[in-house]
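There are 4 protein chains.
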Amino acid sequence: MSLNTYGHLFRVTTWGESHGPALGATVDGCPPGVEVDEAMLQHWLDLRKPGQNKYTTQRREPDAVRILSGVFEGKTTGTAVQLMIENTDQRSKDYSEIAGKFRPGHADITYYQKYGLRDYRGGGRSSARETAARVAAGGLARAALGKLAPEVQITGYMVQMGPHGIDRDRFDWDEIARNPFWTPDARAAEDWATYLDDLRKSGDSVGAVIEVVARGCPAGLGAPIYGKLDTDLAAAMMSINAVKGVEIGDGMAAAALTGSANADEITMGPDGPVYSSNHAGGILGGISTGQDVVVRFAVKPTSSILTPRKTVTTGGQETDIITKGRHDPCVGIRAVPVGEAMMACVILDHLLLDRGQTGGVRTSIG
Amino acid sequence: MSLNTYGHLFRVTTWGESHGPALGATVDGCPPGVEVDEAMLQHWLDLRKPGQNKYTTQRREPDAVRILSGVFEGKTTGTAVQLMIENTDQRSKDYSEIAGKFRPGHADITYYQKYGLRDYRGGGRSSARETAARVAAGGLARAALGKLAPEVQITGYMVQMGPHGIDRDRFDWDEIARNPFWTPDARAAEDWATYLDDLRKSGDSVGAVIEVVARGCPAGLGAPIYGKLDTDLAAAMMSINAVKGVEIGDGMAAAALTGSANADEITMGPDGPVYSSNHAGGILGGISTGQDVVVRFAVKPTSSILTPRKTVTTGGQETDIITKGRHDPCVGIRAVPVGEAMMACVILDHLLLDRGQTGGVRTSIG
Amino acid sequence: MSLNTYGHLFRVTTWGESHGPALGATVDGCPPGVEVDEAMLQHWLDLRKPGQNKYTTQRREPDAVRILSGVFEGKTTGTAVQLMIENTDQRSKDYSEIAGKFRPGHADITYYQKYGLRDYRGGGRSSARETAARVAAGGLARAALGKLAPEVQITGYMVQMGPHGIDRDRFDWDEIARNPFWTPDARAAEDWATYLDDLRKSGDSVGAVIEVVARGCPAGLGAPIYGKLDTDLAAAMMSINAVKGVEIGDGMAAAALTGSANADEITMGPDGPVYSSNHAGGILGGISTGQDVVVRFAVKPTSSILTPRKTVTTGGQETDIITKGRHDPCVGIRAVPVGEAMMACVILDHLLLDRGQTGGVRTSIG
Amino acid sequence: MSLNTYGHLFRVTTWGESHGPALGATVDGCPPGVEVDEAMLQHWLDLRKPGQNKYTTQRREPDAVRILSGVFEGKTTGTAVQLMIENTDQRSKDYSEIAGKFRPGHADITYYQKYGLRDYRGGGRSSARETAARVAAGGLARAALGKLAPEVQITGYMVQMGPHGIDRDRFDWDEIARNPFWTPDARAAEDWATYLDDLRKSGDSVGAVIEVVARGCPAGLGAPIYGKLDTDLAAAMMSINAVKGVEIGDGMAAAALTGSANADEITMGPDGPVYSSNHAGGILGGISTGQDVVVRFAVKPTSSILTPRKTVTTGGQETDIITKGRHDPCVGIRAVPVGEAMMACVILDHLLLDRGQTGGVRTSIG
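Residue numbers (the working numbering), protein chains in the order written: chain L, 1 to 366; chain U, 1 to 366; chain E, 1 to 366; chain P, 1 to 366.
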C-alpha cells in the first residue's frame, strides 16, 4: 500500500475530502471486457449511503457515482477507471467551531502536527466519507469477479454491537438484508435497536464487530510470506476508518487453543479435499484453501459525541469540546458495505496476481 | 508488500528455505552512515535462535549472520545490504515421510495446489525459519533508528499463553528478559512453565498473544488512508507465520466501548499535548501521536504435533499423520523477537517516508 | 512505474480518454504547505493547449483544470490531489469511420488485440490528450519545487525538426518563448515555419527532437543501479506518446567518443567542484552532480496523416486509410511542455526520495 | 523501479559490491515449475565473464553462480530465488590510491556527496560487476520464457564501436557468436580488432552501440501510458552502467522522418496482420505488435583510462589521476549479454503482467 493506493495489480487510489467538491477512486489494472455501468456501482453505494435511517448520520448525500473513464460502450477497456462522487450536502459551518480545536479520538491533532495545516471541515481527508470511494471501487471489483470467478460471493454482517454479540445458533443469511444493522441474528437486531436508540439519545456512541466472508473463493489465492492473502486482508480492513483490530478465522481466540483442537483435519470429498472445520479462516500459509475466507474487524465507537471531552486548541489552550455535526451513533453499521468492498478488491487483486504468476492453474489432489 | 518484500523506502526482501543451504534478507533503502556490524545483528538473532531451552525446538542452528554487502568500514553505504544466514543443522530425512502427505494447519496443501510442487523439507519457504531473516533486518532497522531516532525503544513480550493471560498489575519491564517466555509477569512465567511442560509431554501445543510496544516514537509517523501506520503494522504482524489476529491499542475490545469511555482526552503538559489514556494505541487517523505505539497479535498453536490427525496424500488417499521433527510447543515464544523486528522495520520505514514527504518537521501546539 | 502511475513518492496516476467526459491526474505524496491554485496550473496547461496556432491541431479545448482535492485555503494538505480537465470539444463522429480500421503507427491494433475492444474515438486512452494530465501534475511539481528547491529551473525546447537541427552557436534562452516551436534558435524558427507549412499542406507530418534541461538541480539526487535519476528520466520521457529515443548528456553520440575526450574533468571552484564539460548530462552513477541535467528525446512524426496508407479492418479485410480529424503536423511542438512536466515530476520525486533516505544532507568537498 | 529492484511481477533485486565477499540477485515472482540449474545460468554468466580475451579486463573471476533458494529438485517453486556469485579475485590494493580522489566520469564524487562515504574498492556498488547479477537473473528469465513462450529468441550484438558502425548489408546472425565483439558484421569485427588494439595500447578507451532484438515476441505485451513495454525497456537499458541513450525501432532517427515514410503499413498474411516495415521497433502505443522488438543503447567509453585527467580530492585539492586497475578498453563488449538479460527480464515480466490482467488471451483479426 502506498499513501492513497492499495492493491498489486488491481490498484485503487482514492482522493477527496468530506467537504470538497467531490471525491473518488482511480482504479488501475481492471481486466478488460467487464460489463459495468453506473447503476451497478450505485447499488453498492446506496447500501453505504448516509441518512437511510435514524441509526446513521442525517447528512443527505445521494452519493451518485459517475464513471469518467475506462469504460466504453458498457465494458471496461483495460485502462484507468475514474469513479467520481460529488459532494452536495456540505454544511461546513458546522465545523467552524472546531477549526481551532482538536477533537479527541480524531485525526485532527496528528494531521496538524504532521502537515502544519488541515482541512477541518468534517475531518477533511480523514472523514469516513472516503469510504464511499472504496465502495465504488469494490463495486467494480465485484463486476470483474462476476466475469472471472462468478462463484465468489462476498457478504458482510455485524456480529457484535458494543458488548452485545450475536448468537451463532440463530445465524440466518437471509436476515442480513432485513434489518438496519446487517446482522444475521434477528433477535440481536431487535435488542440492538433499543440499545442504540438509548445511546443516541444520551449523546453517546458505541463500537461494533463486523465479519466479512468470501464464499466460493478458489484455492490458491495468495502467496508465501509478505504477499499473503491474510496479510493483504489485514491491511485492507485496518485501513478503514476507526478499525482497531483484524482477525482471520479464529483470530485472537486461536491463542487459547491447543494444536489438536485447532487442526482443521482433511478428508476427501467428491470434488477434492474437504476440511472438518475452518479455524484457519480459509487460509493456510497465506494461500486460500477453497473454504470460506473469514475476516473480522472491530470498529471503535464514533469519536464525535455530544458528551463534553477535554482537549486543547492549536494555540495550546485547554478547553472542552462537544462535537455537534451529524454523526453515526455506531459507525460500524455503515462499515459493513465498506468491509465487503475491501474484500472484493483484495480477492480480485489476488486472482490477477495468481493468474500472472501461475496462469491460475491448480494442481488437483487425487 | 510484494510477494517477498515489505516496506516503502526501507524495503526488506527475504529469501531461503528451512532446509536449503542458506536464507537471508536483502535490505534496500537503508540510510547511509549507520554503524553496524555482524555482532550487533547477532545479538537479536540469538534471542530468536532455536534450542535455547526446553520450550523451543531442539534444532541446533547457530543462526550466524553474515553481512555480504552494503556496509563498508563499519558503516552502511546507502546501497543494498545482504544479510545471509547459513543453515547447518538440516535433518531433511525427518521429513521424507511427509513428502506425500499434507500436514493439517500447514501450508503444505495450498503450496501444492498453487505451485504444483513444494519443498517439503521442514515446510520449505513456509517454515518459521524465514523469520530469522526478519530479525536480521530488524537488527539493521534498530541500528538505523539508533542514529535517526535514538529515543525509540521497541519491546515485545507475551501477554497470554493458551487461555492464561497475564495480570497487568504485576507488569514489570525488567522481568521480560528474565524468563523464557518474555513475559512481564513473573507469576505468569512460573505458571506457564508448568502448563507448557505438561502440554509438551502430551504431544500437544498451544497458542499465545504477543504485545509489542514502541516507546518514544515521535508524533507524525504514518499517513492518511492506505499508508496508515496501523495498516502497515497490521500487515507486518499478520505476515508472521501462524498469526491470526492483530490489534492496535484496545483492539477488538474497542468494539465494546462507548465513545465517551474510548476518548483519549487531551491536556497540555510541559512539552506539548498529553493524553489521559491510550485506547488508540498511539495512533490517530493512521498517524502516531507521540504516545506508546501498541500492537498485539495472536499466534495459533503449532500445527506440528504428535497427536494423530486426519489428512490426505497427494494421491488423494485418506490417512493419519503425526508430525515428529523438532518443534516448538508454543511458537509464540520465539515470535516475540520477530514481532519486535517487524515493529522496528515499520517504524524506520515510516520515519523515512515522513522525512521524504514533510522533511520530518513537526508543527508545535501552543 | 505501474500501468497508469509513475513516481516513487510523488506519485502521479493519470486517467481519461480523448473523447470521454474528462481526464485528469491523481497526485499522491505531494509535500504539504505548497501554495498552489488553479491559475498556477493553468499557466502550464495553456502552453500545451491545442489550437494556438496553425502548427497544432485545431481542436478547441480550453483545458481548464480544476483542483478537486488535496488543497485547502490555497495550500496543499499532504493528501491526494485530484486535477480534472473536462473535455468540451469532442467531435467523435470524426472517428466513426475508423472504428473498424486500424490506423498504421497508432495503438489501434495492439489495444484491440490485447483488450478485445478499444475506445476508437480519437484514440481513446492512447491519445496524446493524456499529456494534459501530465502537464497539470507537472505544474504541481513545479509549485512544490518552488518551495523546496527554488533554484531549480526547468526549460524545454526543440533542437531538431525533421532533418533540420538548430545551430548551437545561435542558442538564446530568451528566444524559446518567442516562437511557436519553442526553439532557442531564431533562424531555425523561421526556416521551420516554411518547412512545416509545406508539409502540412501536403497532408504529411514530421518528427522532432526536444531537449529538456534542469538548471540549478542540487547534487545528490538519484541512486545507484535501478533508482538512477537517468533511468527514471528515460522512463518518464519514453512514456510520452510517440517518443522513440531518449538521451542523457551526449546520448547516442557518446558511443563515438574516446575515454579521454569524454571525461568531464573536475577542478575546484569557489563553491565546490567545477566540471570542465558536461558530456555526462549532469548525472554520474545515476546521481546528479549539480551541473545541468540534460535530457533529449525524439518524437516520431504524427501517424495521423492525409496520405493514404495500407491497413486492415477488424474483420481482416485489406483497405486504405487516411486520417482526417484534427491533427498536429509536428506533435513534437506540443511535446515541449510535456517533457518539462515530466522533468519536474522526476526531479521532485527524487528530491523527496533523497530526503527520505539521507535527510537531504550533502557532504561537502574541501 | 525501486533503488535496487526492477520489475512488476518478475522482480529482481541485486546486491553486492565489486570487492565485497559476494554479489547476487534476489528474484521474486518467478513462475513455478521452471526447470533450471546452476549450469544453465552459468552458460550466460560465462558470456559476460571478464578475462576472456585481450579486449576485456584481465580480472580473473570465475563468476560461478550458486542457487541458494527457490529451486527444489531442479524446478522453481514459485518462491524467492537467490542467485549468489562470490568474488574471488579482488585486488583491492589497486584502489588504495584512489580512496581520496574522485575518478572523472565515475560515480565516486556523487556517491561521496550523497552518502558521505563510499566503498572505493573498484567503485563498490557502482562497478559494472553488478551486471553479473543481472545476467544471472536474465538466465532465470530465459528459462521461464523457455517454458511460457519458447518461441521468443533474444539476441544482442554490437552495431557500432567508437565512430565505426556496421554495414547492415553484411548482417549475419551466425557471425555474432564467432567474434569477440558480438557483431553480426565479420568485416567490422576485423576492423574493430585493430582499432581497439591501438586504443588499448594508447591507454584510452571507446564507446559502443548495442542492439538487442526479441524475435518471436507475442503481440499484446505492454500497456498504455506508464506501463509501456518501451518505457520499461528504456529504463532497463538506461540502468546499465555507462549507458547514455536508448532507442526503440528507428529511435532518434525517427525525428527526421515524415509521417508517410514512418508508417508501418499493415496487410493480411496467412497468420494475421503483417507489417511492411518495422520503424516502430515492434511496439505501438506501448504494446508489442508481434514484430521483432528492437532496442538499441549507447555505452560511453570506459572512464578508467591511463591518460591523466584533472580531478580533486575529498579534501578539495586539485590533482591529476590515471586509473590503473584492470579495465575494459570498450565496456560495450561485455554490455551485450547484459542487454540481453535485461530484455529477457522485461519481456517475461510483461508476459506475467499481461497474463494477470487479460489472461493472456489475444483477440484475433479476421
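Source of the hints: derived by calculation from the structure; they are not laboratory data.
Here the structure is a predicted model, which means the values were calculated and not measured.
Check the hints yourself; a few may be wrong.
[Stated by the list, open to error] In the DMTMM-like style, the derived pairs of lysine to aspartate or glutamate whose C-alpha atoms are separated by at most 25 Å in a straight line are:
(1) P:K310 with E:D271
(2) P:K49 with P:D197
(3) E:K324 with L:E73
(4) E:K75 with L:E73
(5) U:K75 with P:D191
(6) P:K310 with E:E265
(7) L:K310 with U:D292
(8) P:K201 with P:D191
Now for the hints, and whether the structure bears them out:
{"no.": "1", "hint": "P:K310 with E:D271", "result": "holds (18 Å)"}
{"no.": "2", "hint": "P:K49 with P:D197", "result": "holds (20 Å)"}
{"no.": "3", "hint": "E:K324 with L:E73", "result": "holds (23 Å)"}
{"no.": "4", "hint": "E:K75 with L:E73", "result": "violated (39 Å)"}
{"no.": "5", "hint": "U:K75 with P:D191", "result": "violated (48 Å)"}
{"no.": "6", "hint": "P:K310 with E:E265", "result": "holds (5 Å)"}
{"no.": "7", "hint": "L:K310 with U:D292", "result": "holds (20 Å)"}
{"no.": "8", "hint": "P:K201 with P:D191", "result": "holds (16 Å)"}
Violation of the numbered hints given earlier is confined to hints 4 and 5; the remaining hints are satisfied by the structure.
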